[in-house]
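Make the full structure from the sequences, and use the hints.
What follows is each chain in one-letter form.
2 protein chains.
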Amino acid sequence: MDQKLVWESLKRDAAAMFSQEGVKKKLLAGRRLKIKFGADPSRPDLHLGHTVPLRKLKLLQDSGHEIIFVIGDFTGMIGDPSGKSKTRPPLTFEQTRKNGETYFRQAAKVLDPNKATIVYNSKWLSEMSFGDVLHLCGQYTVARVLERDDFAARMRENRAIGMHELLYPLMQGYDSVALHCDIEVGGTDQTFNLLVGRELQRSYGQSPQEVITFPLLPGLDGVEKMSKSLDNYIGIDEPADTMFEKCMKVPDALLQDYFRLTTDIGDNEFLPLMAADIRAAHMLYAMTITGMYHDQEMAEQAMVRYLSVAAGAAPDAVPEVTLPSGLLPLTKALVLAGLAASLSEARRLIAQGGIAVDGKIITDHAHEIKGDAPVLLRRGKARFARIMFHCPHTPI
Amino acid sequence: MDQKLVWESLKRDAAAMFSQEGVKKKLLAGRRLKIKFGADPSRPDLHLGHTVPLRKLKLLQDSGHEIIFVIGDFTGMIGDPSGKSKTRPPLTFEQTRKNGETYFRQAAKVLDPNKATIVYNSKWLSEMSFGDVLHLCGQYTVARVLERDDFAARMRENRAIGMHELLYPLMQGYDSVALHCDIEVGGTDQTFNLLVGRELQRSYGQSPQEVITFPLLPGLDGVEKMSKSLDNYIGIDEPADTMFEKCMKVPDALLQDYFRLTTDIGDNEFLPLMAADIRAAHMLYAMTITGMYHDQEMAEQAMVRYLSVAAGAAPDAVPEVTLPSGLLPLTKALVLAGLAASLSEARRLIAQGGIAVDGKIITDHAHEIKGDAPVLLRRGKARFARIMFHCPHTPI
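Residue numbers (the numbering used here), protein chains in the order written: chain X, 1 to 396; chain Z, 1001 to 1396.
It is worth saying that the hints were derived from the structure and are not from the lab. One or more of the hints may lead you astray.
[Claimed, not checked] Within a straight-line C-alpha distance of at most 20 angstroms, the following computed EDC-like cross-link-like pairs (lysine to aspartate or glutamate) qualify:
{"id": "1", "chain 1": "Z", "residue 1": "K1332", "chain 2": "Z", "residue 2": "D1372"}
{"id": "2", "chain 1": "Z", "residue 1": "K1058", "chain 2": "Z", "residue 2": "D1045"}
{"id": "3", "chain 1": "X", "residue 1": "K123", "chain 2": "Z", "residue 2": "E1127"}
{"id": "4", "chain 1": "Z", "residue 1": "K1123", "chain 2": "X", "residue 2": "D132"}
{"id": "5", "chain 1": "X", "residue 1": "K58", "chain 2": "X", "residue 2": "D112"}
{"id": "6", "chain 1": "Z", "residue 1": "K1026", "chain 2": "Z", "residue 2": "D1013"}
{"id": "7", "chain 1": "X", "residue 1": "K58", "chain 2": "X", "residue 2": "D132"}
{"id": "8", "chain 1": "Z", "residue 1": "K1228", "chain 2": "Z", "residue 2": "D1241"}
{"id": "9", "chain 1": "X", "residue 1": "K123", "chain 2": "Z", "residue 2": "D1132"}
{"id": "10", "chain 1": "X", "residue 1": "K228", "chain 2": "X", "residue 2": "E238"}
{"id": "11", "chain 1": "Z", "residue 1": "K1123", "chain 2": "X", "residue 2": "E127"}
{"id": "12", "chain 1": "X", "residue 1": "K109", "chain 2": "X", "residue 2": "E66"}
Shown next, in the form of structure tokens:
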């Protein structure tokens, strides 16, 4: 692929580059570049949020560059030395390797694994002596490390920061020194750490890496960034049905971002569709994503299942009405359940095909419900009621 | 020596103990204790300020405890990794060993070197891996390290603190862990670092050391603490004459502190003397100190020389009067130099033995000055004037 096209694509979608001029120059120089991407080994399950930078890495890979996945196993194995953090339990060597492989296997759904390298930063960090650490630390002032947003906020709010935590950005940055990276790619939340790498390379006499950050994908809740721990994610390793269904739940207001950041579909295709039929646009998105991470056939099956469930399924919170057991005319049941105002309206609705019992449309207005097991009534697309029956031998 | 007496002495002279109860308990338990004292290898010349804690260590040593001198060669060898500090040039391995020996040789003027140990902290610190460092750092929060006075001041004033500097207190503290110290002794300016050691031992599952701090000896300027770099010090390795002379310059207001902190002379001896004759008290102090760090005979010789110089010597800043060369009556010279208001006063002063020429008392009021070389006139103890003569062949 032409480096100029790669450059155009990065320029269009990156949140920021440090520096734009530097990225352009390096790409157009035509040299095979070492491109770093940091991976958290404690969270090996990738979701669509991860694919935002991964898709750009794919582009860079296709145009001939070397992609290096850095698995931050070193700190992962140490965990939180203060023992205070429950979110950072130490991983064993085996776990970090297993998680690294899981990560890489999933990333292979976006990138060509044969043209990417996976490295573990314990390789060089565990070899460093106290003297090396002091030398590394000597390149940075306390004030500059404390500028990192989360540190600054914790300092302001008098929340504890462990001394070891202050070293993490330096370690991540040192990875770039150890690897002689040309470019590092990450989410905007990693900007600080990525720039530390750039500056440390300069301190260690290397040509500083360029930094490219990409926007964070908002989660399905439309509030937080996508994250497994917040359960607002679409995992790229999830079953096709789940994936399809979750894609259908992307908030309308975010669908445009999702299209742009996670698919190859152009604005000229999805924008008119969204304007004309937002549900159809969701279907297109769900089909596309499920097709990407499974295949087209599975995507279609997932759609069929989704539509049949959507037609028959009821939301969890359905009003319930409990009636005496025994045969019950459907018309009466509809009135008792509040889905029809009168028996005549009930009859009309049934005749129009607007009523389903347990997901099956009933057009016979003389239909009777057996009254021995709960049934789900639906009027139109969205109004549900569940009818329960007393056991005839049980006093109410 | 009875541990109870040692305890009494420490309690009387310590600036603070953490905790008093702990020190008492450990001493009275009768066990041989490991007592740590940190030494800065970049400043191997000891002065009287150093002897304040050293003299207490001697007491502890005499009563059976093990004194461990920790030479902080590790950071010394690393120097300032940022390369920004001129005050902390890196030392070579040979320099740290040489300085350590110099330090120890001088300390041997106070302590018994055969009953003390000298250790270099590079022994354990250089063996530590990055993982060990992170574990160490994990025991402390950033906020607590930044509480150290000098860090706090630099943060307040937006003066840079290198990330590596933040690790120094932890390294010093870790020395106590590596050595399993029972007690650490130091100046009040070391309180923070000493307490870090105490807390780190606790974190590493050891019984925390007790900390005893001693007051800092003020320097000869009466303003700053005694320090070689401020040139307000009395070095314990200085020649007897210099030592004696410097002791005579201790500001009157500080002489009491000097007696208490650096000699064994009791209040009941020096206090009445100071009240009766401050100069005699200074002489006693100078004799005592010079006797301690040289010997009694050399101290006496130094005193004799001091007194003869004092009798004849003039301070550097003496008013000068330049007169035509040639024989000059002393009386006239005194008037011209401003030391007498009139010739008759000059005669009376000479007759009273209140006038010296070049340090020699002249009682002959007809005395004449040759007028071929500068002479120093003295009236009483403190008023001086120097008479210079024009060369007869040189035009003025």
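For each hint, the structure was consulted:
no.	hint	verdict
1	Z:K1332 to Z:D1372	holds (16 angstroms)
2	Z:K1058 to Z:D1045	holds (19 angstroms)
3	X:K123 to Z:E1127	holds (18 angstroms)
4	Z:K1123 to X:D132	holds (16 angstroms)
5	X:K58 to X:D112	holds (7 angstroms)
6	Z:K1026 to Z:D1013	holds (18 angstroms)
7	X:K58 to X:D132	violated (35 angstroms)
8	Z:K1228 to Z:D1241	holds (18 angstroms)
9	X:K123 to Z:D1132	holds (16 angstroms)
10	X:K228 to X:E238	holds (12 angstroms)
11	Z:K1123 to X:E127	holds (18 angstroms)
12	X:K109 to X:E66	holds (17 angstroms)
Of the numbered hints listed earlier, the single one contradicted by the structure is hint 7.
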